[in-house]
Amino acid sequence: MRSGVEGALCVAIVLGTVLGALVYGQRRSRHRTMSEWAIGSRRLGAWIFWFLNAGEIYTTFAVLGIAGYAWAYGAPAYLALTSVSLASAVGYWLMPRIWAEGHRHGHLTQADFFAQRYGARWLAVVVALAGIAALVVYVQIQITALALTLRLTLGTTLGPVQSALLAAAGMLAFVYLAGLRSAAFAAGVKDVGMIALVVGLSVTVSEKVGASSMLDVYRRVQELSPGIGALPGLRPEAGLTTTWLVTSALNVALGTWIFPHTFQLIYSARDESAIRRNAVWQPLYSLSYFFIILLGFAARLAGTRPDGGNPNAVLLQLVSDVYPSWTAGLLAGTVCLLALVPGSILLLVASSIFGRNVVQPLRGGLSDRQVLWVSRGAMIVFAGIAVWLSSTRNRSLVEIGLSAYAAIGMLAPGVFLGLVWPRANAAGVLAGIVAGYLSLLLPAADAWWARALPGWDRGLLAMAVNAAVVVAVGLLTPSRAAVPAGS
Amino acid sequence: MPWANGVQARPFALPFPMAWQMAGVVLTTVVIGVVLALDKRADAPRTDGA
Numbered sequence: 001m002r003s004g005v006e007g008a009l010c011v012a013i014v015l016g017t018v019l020g021a022l023v024y025g026q027r028r029s030r031h032r033t034m035s036e037w038a039i040g041s042r043r044l045g046a047w048i049f050w051f052l053n054a055g056e057i058y059t060t061f062a063v064l065g066i067a068g069y070a071w072a073y074g075a076p077a078y079l080a081l082t083s084v085s086l087a088s089a090v091g092y093w094l095m096p097r098i099w100a101e102g103h104r105h106g107h108l109t110q111a112d113f114f115a116q117r118y119g120a121r122w123l124a125v126v127v128a129l130a131g132i133a134a135l136v137v138y139v140q141i142q143i144t145a146l147a148l149t150l151r152l153t154l155g156t157t158l159g160p161v162q163s164a165l166l167a168a169a170g171m172l173a174f175v176y177l178a179g180l181r182s183a184a185f186a187a188g189v190k191d192v193g194m195i196a197l198v199v200g201l202s203v204t205v206s207e208k209v210g211a212s213s214m215l216d217v218y219r220r221v222q223e224l225s226p227g228i229g230a231l232p233g234l235r236p237e238a239g240l241t242t243t244w245l246v247t248s249a250l251n252v253a254l255g256t257w258i259f260p261h262t263f264q265l266i267y268s269a270r271d272e273s274a275i276r277r278n279a280v281w282q283p284l285y286s287l288s289y290f291f292i293i294l295l296g297f298a299a300r301l302a303g304t305r306p307d308g309g310n311p312n313a314v315l316l317q318l319v320s321d322v323y324p325s326w327t328a329g330l331l332a333g334t335v336c337l338l339a340l341v342p343g344s345i346l347l348l349v350a351s352s353i354f355g356r357n358v359v360q361p362l363r364g365g366l367s368d369r370q371v372l373w374v375s376r377g378a379m380i381v382f383a384g385i386a387v388w389l390s391s392t393r394n395r396s397l398v399e400i401g402l403s404a405y406a407a408i409g410m411l412a413p414g415v416f417l418g419l420v421w422p423r424a425n426a427a428g429v430l431a432g433i434v435a436g437y438l439s440l441l442l443p444a445a446d447a448w449w450a451r452a453l454p455g456w457d458r459g460l461l462a463m464a465v466n467a468a469v470v471v472a473v474g475l476l477t478p479s480r481a482a483v484p485a486g487s
Numbered sequence: 001m002p003w004a005n006g007v008q009a010r011p012f013a014l015p016f017p018m019a020w021q022m023a024g025v026v027l028t029t030v031v032i033g034v035v036l037a038l039d040k041r042a043d044a045p046r047t048d049g050a
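Heads up: the sequence lines are chains A and B, in that order. The opening residue of the first sequence carries number 1 in the numbering used here; numbering runs sequentially from there. The opening residue of the second sequence carries number 1 in the numbering used here; numbering runs sequentially from there.
Hints may contain errors.
Unchecked claim - Heads up, simulated EDC-like pairs for lysine to aspartate or glutamate below, C-alpha to C-alpha not over 16 Å straight-line:
1) K40(B) - D271(A)
2) K208(A) - D321(A)
3) K40(B) - E272(A)
If you're looking for bench data, these hints aren't it; they were derived computationally from the structure.
Bound-form chain B, shown alone (with noise of 0.2 Å):
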C-alpha cells in the first residue's frame, strides 16, 4: 500500500491508489474461490462439521 499510494498513474481516470485496491478485492474473491475449491475436494465426505 505505500508503493501504491504513491504512484501517479490514472488507470481509468482513477487515482492509482483506489485502482488498486478494487484489483486487490477482484484478486481476493479468486483467491479465497480457489481455496475454497481445494478444501472442497480435499474433504468432500465432511459435511456436519465433524
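Chain A on its own, in the form it takes in the complex (with noise of 0.2 Å):
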C-alpha cells in the first residue's frame, strides 16, 4: 500500500472537488451576509436540502464507524439500521413543528428557537454553548477520521497529532474559503462517490476475499466466527446487549433533530412538505449499511489486520490490502471528503451559534461584520479543541458519536417539552441541562447506573433525569408564570 498512485489520486480528487465547490459557491452568492453564510438564506432548494441530508447518512460514522464495529463485535453494527429508523419516526413528528416555529419567528438558530420559547435570553446563551459542545464532540469524529485517512494515504511520517492539525486545517480553509453554499456541491460530489464506492466494492468484494456471492459473505462469516450476527456479538464483555442496542438506539432516535447543524438545515428546507417527504424515504437511506456490514464482514473473512487494531482503519486497510492502488486511491479522497464536508459545515453552525448567539448578546453594539470576524475565530478555537479531544483518547468513531448523542441529548427535553408542555420553563430547562450532564460526567453516577441498569445507554438515563427535572420545576412554578407554547 501507500503506492504514489494512491496519494495522487485522494489528493486530485479533494483538491479537484474543493476548486469546483469554490466556483460554484462564486457563482452563486456575491454578498454575505450572516445569515447568507450560515443558512444560505433560506433559499436552498429542495434537492439540495435533499443532499445534505442524505449526506448525513452517508457520513465517516457510518461508512468507517459502522464498518469497523462490524468487524470488530458484529451485530452490534445493526445500531445503524435501528436508529435511522426510529430517528426517522421522531423526526416525522418534530421537523415539521421546529419548521413552523422557525418561520413564524425568523429563527436563524437553535438557541433563538430557546430565547424565543422560554422568554430568556440567558438561557439561549447556555443552550447555544451546550450546543457547541456537542457539536465539537461531532467535529472531533470527522477529524479523528480525516487525520487517520491522511496518515494511511500519506504515508505515517505524520504522527497522530501531526495528522489531526493537519485534518483541522484543512476544515478551517475550506469554510473560510467557502461557506454552506459551496459546501453543498462538495456535499453532492462525495455522496454520488460514496455510493458510487460502495456499490463497486459491495459487488467485486466478495471474489476478493473467496466467497461466491455477499450472501456467501453473511454465510462464511457465521460460519468462521459463531456469535457475530446476534448480540452481544464477538466480545460479550464489551456489554453491547439487546438492551445496549434498544436504549442506545432511542437516545440517538430522540438526540438526531436535536443538533444544532439538523435545525438549520429544517429551517433552510424550502416548505413543511418537503420536510415530511424527506421523513418517509430517510429510513430507505439506511438499508445501505446492509454494504457497510458487508465489507466489514469481508474484512474479516479477509483477515484483515488493521494497524494497532483500530477497528476505524478496517475499510481503509482491507481495499489497500485486496484492491489495485487506483481503488484504495478513490476510497481514500473520498473518505477525506466524507470527512472534510461535514467537519466544516459542523465548524461554521458552532461559529455561526456563538457569534450570534454568545457574543452579540453579551457585548450588543458589534456590528454584522465584526460578528462576522469574531465568530470566524471562535472556529478555531472549536476546531483545537476538537483536535486536543482526539488526540487524548483512541476510541472508536461509533463510540464518540455515542458520546455526541448523550451530549446532544442534554436539549432533547427543552426542544420536545417546550413544544408541547407550556408549563416548561427556562429555569426547569436549566435545571434539567445541569443535573443531566451531572448524572453524565460525575464518575460516582457511573458507578451506580452500571450496578443499578446495566447495560443501558447513559445517554439515554441522562436525559431521562433531566426531562424528569424540566418536568418537576414545571410542576412548581406557578402555572400563570409560564409562556403558552406557540406564542
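Mind assembling these two chains? They're in different frames, but the hints should get you there.
Here it is as C-alpha cells:
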C-alpha cells in the first residue's frame, strides 16, 4: 500500500472537488451577510436540501465507523439500522413543528428557538454553549477519520497529532474559502462518489475474499466466527447487549434532530411537505448499511489486520490489501471529502451560533461584520478543542458518536417539552441540563448506573433525569408564569 | 429485539436479527408513508405552518 498512485489520486479528488465547490459558490453568491453565510438565506431548493440530508447518512461515522464496528464486534453494528428508522419516526413529528416555529419567528439558530419559546435570552446563551459542546464532539469524529486517512494514504511519517492538526487546518481552510453553498456542491460530489464506491466494492468484494456472492460472505463469516450475527456480538465483555442496542438507538433517535446543525438544515428547507417527504424516505437510505456491514464482515474473512487493531481503519486497510491502488486512492479521496465537508459544516454552524447567541447578547453594539469576524476566530478555537479531544483517547468512531448524542440529548427535553407542554420553563430547562450533565459526567453516577441498570445507554438515562427535572420544576412553578407554547 | 436476537434461522443466509432490523426499516417507511398520506388528506389546505 501507500503507493504513489494512491496518494496522488486521493489529493486530486480532494483538490478537484474543493475547486469545483469554490467556483460553484462564487457563481451563486455575491454578497455575504451573517444569514447567507450560516443558512444559505433559506432559499436552498428541495434537491440541495435532500443532498445535504442524505449526506447526513453517508458520514464517516456510517462508512468507516459501522464497517469497523461490524468487523470488531459484529451484531452491535445493527445499531445503524435501528436508530435511523426510529429517528425518522421522531423526525416526522418533530421537524415540521421546528420548521413552523422557526418560520413564524424568524429563527436562525437553535438557541433562537429556546430564547423565544422560554422568553429568556440567558437561556439561549446556555443552550448555545451546550450545543457547541456537542458539535465539537461531533467534529472530533470527522477529525479522527480525516487524520487517519491522511496517515494511511500519505505515509505514517505523520504523527497522530500532526495529522489531526492537518485535518483541522483543512476544514478551516475550506470554511474560510467557501460557506454553506459551496459545501452543498462538495456534499453532492462525496455522496455520488461514496454511493458508487460502496456499490462497486460490495459487488466485487465477495470474489476478493473467496466467497461466491454477497450473501455467501454473510454465510461464511457466521461459520468462521459463531456469534457474530447476534447480540452481544464477538466480545460479550464489552456489554453490547440487546438492552444496549435498544437504549442507544432510542437515544440516537431522540437526539438526531436536536443537533444545532439539524435545526439549521430544517430551517433552510422550503416548506413543510419537503421535510415530511424526506422523513418517509430517510429509513430507506439506511438499508445501504447492508453493504457497509458486508464490507466489515468481508474484512473479517480476508483476515484484515489494521494498524494497532484500530477498527476505524479496517475498511481502508481491506481495500488497500485486496484491491488495486487506484481503487484505494479513490476510496481515500472520497473518505477525505466525507470527513472534510461535514466537519467544515459543523464548525461553521458552531461558530455562527457562537457569534449570534453568545457574542451578540453579551456584547451588544457590535456590527454584523465584527460578529462575523469573532465567529470565524472562535471556529479556530473549536477546531483546536476537537483536535485535543481526538488526541487524548483513541476510541472507535461509533463510541465517539454515542458521546456526541449523549451530549446533545441534554437539550432534547427542552425542545420536546417546549413544544408540547406549556408549563415547561427556562429555570426548569437549565436545572435539567445541569442535572443531566452531572449524571452523565460524575464518576459516582457512572458506577451507580452500572449497578442499577447494566447495559443501558448513559445518554438515554441522563436524558431521562434531565426531563424529570424539567417536569418537576415546571410543576412547582405557578402556571401563570409559564409562556404558552407557540406564542 | 430480545426475541429476534435468539432466533437461529438465517433468511437469505443473513443473521436473523439483521434481517429483522432491515424488515423493520421497510416497515417504518411504509408506516410513515401512510401517516403522510393520512395527514395530507386531513389538512390539505394547510401550507405555511399555520
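I'd like to know which numbered hints this structure contradicts. Please list them from smallest to largest.
Going through the list in order, the structure violates no hint and respects every one.
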